[in-house]
Amino acid sequence: KQEVTQIPAALSVPEGENLVLNCSFTDSAIYNLQWFRQDPGKGLTSLLLIQSSQREQTSGRLNASLDKSSGRSTLYIAASQPGDSATYLCAVRQSYNTDKLIFGTGTRLQVFP
Amino acid sequence: DAGVTQSPTHLIKTRGQHVTLRCSPISGHKSVSWYQQVLGQGPQFIFQYYEKEERGRGNFPDRFSARQFPNYSSELNVNALLLGDSALYLCASRSTGDSYEQYFGPGTRLTVT
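These protein sequence lines are chains V and U, in that order.
Residue numbering for the first sequence follows my numbering, starting at 4 and increasing by one per position.
Residue numbering for the second sequence follows my numbering, starting at 330 and increasing by one per position.
Calculated directly from the structure, the hints in this document are not laboratory data.
Watch out, some of these pointers could steer you wrong.
What the hints assert, rightly or not - Among chain V residues calculated to face chain U with C-beta under 10 Å, some are:
1. N21
2. L22
3. T48
4. R75
5. S88
6. K103
What the hints assert, rightly or not - According to the in silico footprint, chain U covers these stretches of chain V (three or more CB under 8 Å from chain U):
7. 33-47
8. 89-97
9. 104-115
Note that the coordinates shown come from a computational prediction; the quantities given were computed from them, not determined experimentally.
Glycine is no exception: its CB is placed at the ideal position from the N, C-alpha and C atoms.
Let the sequences and hints guide you as you build the complete structure.
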């Protein structure tokens, strides 16, 4: 059974720092991995999607990497800003035949001025 | 283009009642999934529908049911509500391109008293 873990559970940093959020999964046979952002009480905003054949994806100040063999993904946030404060969730999709995403419990990030 | 929309935004129900939640996917998306997110946890998969057929079901009791209409919109129904059903219910639609990226709506906050 696939389990997804995110470390740390919470993070508080000053503005301008570079951050690394970690996501690990127990079954390396995944189809893709997606990173989301969630503001309090709101829906999920897709940040980056990495296919199982890819090593990394970049969007602006965000970079996500994937090491399938070790069951790990990292989300790198460069030059953090207070507007980056949110909960970040990673989710894995097991196969082509299902849309089911298995989520971690998230990392709650606070960036203070 | 409009994103995934959900209605209502908030809902308060009493134990034992029934509730219907609605979701409209992004135009052109034929696959819709439902998730339940309890406070402090990652979303849990409930159902996936594709072309009006159920393609997957999570570990939820039979009190939960769903359907998809010819225009690809979807309803989630929950009978005999329990206090533990209080959660944010999220709907996601999936693109048909190569990436299979999933997009989430803003959610429906259900409170059962």
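Now for the hints, and whether the structure bears them out:
1. N21: violated, 25 Å
2. L22: violated, 20 Å
3. T48: Since chain U brings a Cβ to about 8 Å from T48 (chain V), closer than 10 Å, the hint holds.
4. R75: Not OK, violated: R75 (chain V) not within 10 Å of chain U, min 17 Å.
5. S88: violated, 17 Å
6. K103: K103 (chain V) check passes; min Cβ-Cβ to chain U is 5 Å, inside 10 Å.
7. 33-47: Since three or more residues must qualify, the claim that chain U covers the segment 33-47 of chain V holds, with 8 doing so at under 8 Å.
8. 89-97: holds (count 3)
9. 104-115: Result for this restraint: holds, n = 6.
The structure does not agree with the numbered hints 1, 2, 4 and 5 stated previously, though it agrees with the rest.
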